[in-house]
Structures are given as structure tokens and as C-alpha cells.
Amino acid sequence: MEEYFKGKKVLITGHTGFKGSWLSLWLSNMGAELYGISISVPTEPSHFNLLNINFARDIRVNVSDFSKVNEAIISIKPDYIFHLAAQALVSVSYEDPLQTFRTNVLGTLNILESLRKINHRCIAVIITSDKAYDNLEIKRGYHENDKLGGPDPYSGSKGSAELIINSYCRSFFQHSDNILVGVGRAGNVIGGGDWASNRIIPDVIRSIKNNEILKIRSPKATRPWQHVLEPISGYLALAINLTESSENNSEAFNFGPAFNNEYTVEQVLQEIQGYLTNLKWEYENNNEFKESTLLKLDCEKALNKLDWKACLDFKETINFTSSWYLEYFRNKNKITSFSQNQIQEFITKAKSKEIKWAIN
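Under my numbering, the first residue of the sequence shown carries the number 891, and numbering increases by one thereafter.
Wrong hints could be hidden among the right ones.
In silico PhoX-like links for lysine-lysine, alpha-carbon gap of 20 Å or less [unchecked claim]: (1) Lys-1170 to Lys-1105; (2) Lys-896 to Lys-958; (3) Lys-899 to Lys-958; (4) Lys-1246 to Lys-1195; (5) Lys-1243 to Lys-1191; (6) Lys-1191 to Lys-1029; (7) Lys-1205 to Lys-1243; (8) Lys-1205 to Lys-1241; (9) Lys-1239 to Lys-1205; (10) Lys-1110 to Lys-1170; (11) Lys-967 to Lys-896; (12) Lys-1195 to Lys-1243; (13) Lys-898 to Lys-1099; (14) Lys-1007 to Lys-899; (15) Lys-1191 to Lys-1246.
Derived DEER-like restraints, expressed as beta-carbon distance ranges [claimed, not checked]: (16) Lys-1224 to Phe-1062: 43 to 49 Å; (17) Ile-964 to Tyr-1165: 44 to 50 Å; (18) Ile-1103 to Ile-964: 47 to 53 Å; (19) Lys-1241 to Ile-1028: 32 to 38 Å; (20) Asn-1221 to Asp-1188: 39 to 45 Å; (21) Asp-986 to Val-951: 17 to 23 Å; (22) Leu-988 to Val-951: 38 to 44 Å; (23) Arg-1006 to Lys-1099: 45 to 51 Å; (24) Arg-1220 to Gln-1064: 49 to 55 Å; (25) Lys-1099 to Asp-986: 26 to 32 Å; (26) Arg-1011 to Ala-946: 16 to 22 Å; (27) Glu-961 to Lys-1241: 29 to 35 Å; (28) Asn-1088 to Ser-965: 21 to 27 Å; (29) Asp-955 to Phe-1149: 36 to 42 Å.
Think of the hints as simulated: they come from the structure by calculation, not from any bench. Yeah, the Cβ is synthetic: ideal placement off N, Cα and C, and Gly gets one too.
Just need the whole structure built from these sequences, with the hints factored in.
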């Protein structure tokens, strides 16, 4: 994998966020020349700040500002773009739907329009969400050609972004030799370094630190839980695939756990409790926001076309996640090397399972 990114200019939007920081670290380890666009560091503590990764340019602008985004892309001339910048919380989307749509829809549109204007070869992987699907809570996993558009503002914004991506790809990029675009839809991501509000793992950590009982809204809700490195490996695999061939140009791919690796919120908490024994929780009947209770992804397309599949099982996912936070509270000054070691361990496990991206 390293040969594809070493010395290449890689632009990551949302590089200061949870996923963005892990993607940045992995690409930095491979010798990529990194560029970032983010409005700010979204949390404190921050995995991004702890890592102290070297960026050729760290640009702090709002992704919904076309002139500044376009200026950055034109001047950088990136070989790869990973568009992760987003307002990513359902709860916040109810509080500020306008900003959610502005960031998630207009931000994506700005990346696409900037791509349309460049005249050098560039591969772009645009990240949306499993919540882009119109979730009817069916028992089978959603396929990439299923209907898009969710009920809440966050899901609606991601479904809207997908429509714009599809339009731009069919109008401008589908038969282009210079601009190749892929779309990644990932499930619920957990892992070390996540400090966002209203997400299960950070809420667990805060409740333990503050000696509080964690309030859980939907203990029986099933989600496609996966470690943060799983979809990131998929985004990288998709970028490599587009580097090698235009066959999958303008295609979307689900990146989620194995179909039998989907667990309830309650099961996640029970497994975490084996590592974080001070965890206590109770059910809270709060229907302020509508949330789905069942969501599954079918990832056969990624397996068949990218030779990608999930690497970690459920217990390994919880182990990776819990051990990161335990290490952080033991010695956060060494968390960069610990995060790097987790990436290497993940790669080693993927190699042992003969997953294509790991043995390339």
C-alpha cells in the first residue's frame, strides 16, 4: 500500500476529526505529503492534537466556503483527496439543521466543483454515511443501489450529498481520465481518540471519569459497529483501486462489519465493561430525537470489486478501543506511538487474513 501514497500530495478535509486524525496518521506513516482543510479542532481532548502530525499545509477554513476551498485545491494540486469534513451528529442536526445541510451538502458540492476545475490527475474518495440510506429497518443489509434519504436532518444531508455526487459523476467525471471519484459509506465507527458528544464510546469514557451513571436511550438498537481503521482501510483500498483502473470510477461502496458482527448498544457496553470495570449505565426513556433501531450494511460489492473485507471481529474491535483509552489515561504523552502500534497491529492482522490491501 505504501508505494501508492509515498511522496504523493494527499489532501484530507476534516483532518482534525476522529476519522481524519487516524487517516492522517496512517498516511503519514506511509510517507505521504499531507495537506488538511478543517474549520477547527472539534473536541478537547483531541486525537489530532495529541498526534502532532506534520502537515505541509494545515488550512483552517469552512468547507462550505467555495472560494477558499477552490483556492486551496488549485494551489495544492493534490494527487488524492479524501473528503471527510462533515457535521456528523444526528443530535446536532436537529439543533442546527441549516448548518448541517450547509456543511454536508454545500461542502461536498464545493469539493466536486473544485475537482471539475482542475486539469491534473486527481483521485477523490468522498465519504458519506450508512445513514444516507432511507432506513426502513429491514433485516437484510442495505446495498449500494438502495433508496437514499433518511428522516433526520443529518441523514437527509448525507442523502442529498449523494444525489449531488451522482449528478457530478454522471455529468463530468464518469468518463474522465483525470478525475476519478469513489464514494465510501461506513457504519458506526468506534475506536480510540473519539471525544465527540452524544457518541457511545466517548460518553462511556466521560461517565467513568466523572463517576456518573451513563444514560442509554436505545440499549437494544443494532448498529454496524466497526473499528475506525476498518473503513479507513476501505477508503485507502478504494483510492488504490481507482489508481490502478477506472473500472470503478464514480461507484459507491459500503464499508461495514461482517454481517454476523452486528451487536446492540447493550452488548457493546457489556463487552467494554470487561475492560473498563467502573462502567455503570441505565436506560433513559428519551424520545426527543427519532433514531432507527436496526441498520445493516451489505458489503459484498466491496469484497467482489475491491477485495476488501473487515479485519477485526467484535471482541477485537472492543479490545482495540478500550485499550487505547486505558493507555491514554496511563500515559497520554505516549499515545502517538500507541496509535501507530495499533495501525501496525491492524495491518498485521489483515495480512494474516490475506486481505488484499494489506498484502499489496
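Distance restraint between Lys-1007 and Lys-899, which requires alpha-carbon spacing of 20 Å or less: Status holds; Cα separation ~18 Å.
Pair hint outcome, Lys-898 versus Lys-1099 [Cα-Cα no greater than 20 Å]: violated (41 Å)
Val-951 and Asp-986 - C-beta distance against the hinted 17 to 23 Å: holds (19 Å)
Distance restraint evaluation - Lys-1241, Ile-1028, Cβ atoms, bounds 32 to 38 Å: For Ile-1028 against Lys-1241, whose Cβ atoms are near 35 Å apart, the range 32 to 38 Å holds.
Distance restraint evaluation - Ile-1103, Ile-964, Cβ atoms, bounds 47 to 53 Å: Because 52 Å falls inside the window, the suggested range holds.
Distance restraint hint 39 to 45 Å, applied to the beta-carbon atoms of Asn-1221 and Asp-1188: holds (41 Å)
Restraint check for Lys-1195 with Lys-1243, where alpha carbons must lie at most 20 Å apart: holds (18 Å)
Agreement of Lys-1191 and Lys-1029 with the hint, judged by alpha carbon distance not exceeding 20 Å: Holds, at roughly 18 Å.
Status of the given 45 to 51 Å range, CB of Lys-1099 versus CB of Arg-1006: Holds: the Cβ-Cβ distance is about 47 Å, inside 45 to 51 Å.
Proposed proximity, Lys-1105 with Lys-1170 (alpha carbon, max 20 Å): holds (9 Å)
Assessment of proposed distance window 49 to 55 Å (beta carbons of Arg-1220, Gln-1064): holds (50 Å)
44 to 50 Å as the expected CB spacing between Tyr-1165 and Ile-964, which holds or is violated: holds (47 Å)
Consistency note: the structure conflicts with the earlier hints numbered 2, 13, 22, 27, 28.
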